[in-house]
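**Q** Those protein sequences? They're chains A and C, same order as listed. So for the first sequence, our numbering puts the first residue at 151; every next one is plus one. So for the second sequence, our numbering puts the first residue at 7; every next one is plus one.
It should be emphasised that the hints constitute simulated quantities derived from the structure, not laboratory data. This structure is a prediction, so every number in the text was calculated from the model and none was measured. Among the hints, erroneous ones may be present.
To be verified - Cβ-Cβ distance ranges computed for the label pairs, FRET-style:
1) C:41 / A:175: 30 to 40 Å
2) C:35 / A:171: 33 to 43 Å
3) A:173 / C:41: 20 to 30 Å
4) A:215 / C:210: 32 to 42 Å
5) C:33 / A:173: 55 to 65 Å
6) C:190 / A:177: 12 to 22 Å
7) C:37 / A:180: 32 to 42 Å
8) A:165 / C:110: 36 to 46 Å
9) A:175 / C:106: 39 to 49 Å
10) A:168 / C:210: 33 to 43 Å
11) C:113 / A:173: 32 to 42 Å
12) A:184 / C:190: 36 to 46 Å
13) C:179 / A:168: 30 to 40 Å
14) C:60 / A:220: 44 to 54 Å
What the hints assert, rightly or not - Listed next, the in silico DSS-like pairs over lysine-lysine satisfying Cα-Cα at most 30 Å (straight line):
15) A:275 / C:155
16) C:155 / A:161
17) C:155 / C:193
Claimed, not checked - Pulled a few chain C residues facing chain A out of the computed Cβ check, cut under 10 Å:
18) 65
19) 76
20) 81
21) 84
22) 105
23) 106
24) 110
25) 111
26) 113
27) 114
28) 150
29) 204
Glycine included, each C-beta is placed from N, C-alpha and C at the ideal position.
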Amino acid sequence: MNENSPTPFEKRSRELFEESVGNVDMRVRSRLNQARHAAFAATTRPAARFLGVPLATPAAGLCAVALLAAGIWFAVPHGDRPMITAESQANFEDLDIVASAEESSGDTLEMLQDDADFYDWAAEKNSNPDGSNVG
Amino acid sequence: MQCFATLPDARLTWDVPIRAPGESALDQTRELDKFLADIERRAFRMAQIALRDVDDALDVVQDAMLKLVRNYAAKPAAEWRPLFYRILENGIRDLQRRRTVRGRLMAWMPGPKDDPDGDAQDPLESVADESPGVPQLLMQAQAMEQLEKSLRALPARQREAFMLRNFEGLDVAETASAMGCSEGSVKTHYSRAVHTLREELAEVWS
C-alpha cells in the first residue's frame, strides 16, 4: 500500500472491511466484551500457591518432577540391583574355605576329620544323656 | 505565632497533584482496556476471515487479549498494536495447523454418511435475509464475501500482510514487527497480495 495515496482497489476493500466490522452482531460484541473483562480478571487473580511457593513456576515444576522420579524409584522393586547383605557375605566366606580346602592342605583335611568326630560324640551324648557310654 | 509562618509552604506542597502509588498502574490498565475495546471487533473479523468460524475466531481473540494483558501490559502503548496482532496471527496459524492435522486424521476414520445426531446446519440459516431496503447492503455483503474468499485463497503470509496493512492500517515497520519478518518481506507479500486480489476481484466488483 502506498502510505499516502491508496489505490481505488485498496480503498474499496478497506471500506468493505470497515462495513463488515460495523455489522458484527450483538452476540459477538457481548462475547468480545466478556472476553476482554475475563482477560483482565485472570491477571488480577492470585496465582495458586503451596506452602507460600507459587505452583506455576519452572522451579516448582522441577521439584514436582524430582519428587515423582524419587517416588517411582523407591516404589518399584529393583530385582536387578546387586544387594550385598550379611548372608551373601557369609556365602563368600564359605566359598573361600572350600576353595582353600581344594588346595588339599593336610591341615584342612585333619580339621574336617576332627569335626566329624565331634559331631558323632555330640549325637551319642544326646541319645544317652546320663553319659553311661561315655568312655 | 510561629506555627502560622509555616502554612504558606505547606499549601504550596498541597497544590502539587499527589498520585497514589498504584495510580499509574491503574491508568495503564484503563488505557489497555480502551485499546482492546477499540481493536477487538476488527481483530475478530480478521480472525473470522482467516478461520471461517465464529467460535474459533472468538477463542483466538480472547487468547490474544489474555496474553497481551498478562505479558505485555507494562510495554509502551505504542507497541501494543503490533504485539497484539503478532499474538493473534500466531494463534490463527496454530489453529490452522491443528485443523490440518485433525483433517488428515479424520480422513482415515470412517465417518457417518448421514447425520444421525442432527448436527447439520439448519437450512433456514443459509436462506438469504430478505429484509426490505437492502439491495445496497446485499451488494456490499456479496463484495465482502468475494473479498474474503479471495483472501482465504492467498498464501498465509500474503493474507496477513494485506489485512494488517490495508484493514488495520499498520505501517510497514509495524506490520514487519507483527509478522516477525523484515520490512522488505512485508512489501513483497503485500504487493503480491494486492496484485492477485485485484486480478480476481476486478470483474466481480465492476
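**Q** Hint by hint, say whether it matches the structure.
**A** Verification of the hints:
1. C:41 / A:175: 30 to 40 Å: 23 Å, violated
2. C:35 / A:171: 33 to 43 Å: 25 Å, violated
3. A:173 / C:41: 20 to 30 Å: Roughly 22 Å apart at Cβ, these two residues keep to the hinted range, so it holds.
4. A:215 / C:210: 32 to 42 Å: Violated: the Cβ-Cβ distance is about 58 Å, outside 32 to 42 Å.
5. C:33 / A:173: 55 to 65 Å: Given a distance of about 33 Å, which is not inside 55 to 65 Å, the answer is violated.
6. C:190 / A:177: 12 to 22 Å: Distance hint for residue 190 of chain C, residue 177 of chain A is violated at roughly 42 Å.
7. C:37 / A:180: 32 to 42 Å: 23 Å, violated
8. A:165 / C:110: 36 to 46 Å: 39 Å, holds
9. A:175 / C:106: 39 to 49 Å: The hinted range 39 to 49 Å is violated for residue 175 of chain A and residue 106 of chain C, with Cβ atoms some 29 Å apart.
10. A:168 / C:210: 33 to 43 Å: 19 Å, violated
11. C:113 / A:173: 32 to 42 Å: Taking Cβ atoms as reference, residue 113 of chain C and residue 173 of chain A lie about 35 Å apart, which means the hint holds.
12. A:184 / C:190: 36 to 46 Å: Distance hint for residue 184 of chain A, residue 190 of chain C holds at roughly 40 Å.
13. C:179 / A:168: 30 to 40 Å: 23 Å, violated
14. C:60 / A:220: 44 to 54 Å: Given about 48 Å between the Cβ atoms, the range holds.
15. A:275 / C:155: This hinted pair is violated, its Cα atoms lying about 110 Å apart.
16. C:155 / A:161: 18 Å, holds
17. C:155 / C:193: The hint holds at about 22 Å.
18. 65: 9 Å, holds
19. 76: 5 Å, holds
20. 81: This hint is violated: residue 81 of chain C lies away from chain A, its Cβ roughly 14 Å from the closest one there, beyond 10 Å.
21. 84: Interface hint status for residue 84 of chain C: violated (18 Å vs cutoff 10 Å).
22. 105: 21 Å, violated
23. 106: Violated - the Cβ of residue 106 of chain C stays beyond 10 Å from chain A, reaching only about 26 Å at its closest.
24. 110: 30 Å, violated
25. 111: At 29 Å from the nearest chain A Cβ, residue 111 of chain C fails the 10 Å test, so the hint is violated.
26. 113: Given a least distance of 31 Å, the restraint on residue 113 of chain C is violated.
27. 114: 34 Å, violated
28. 150: 5 Å, holds
29. 204: At 5 Å from the nearest chain A Cβ, residue 204 of chain C passes the 10 Å test, so the hint holds.
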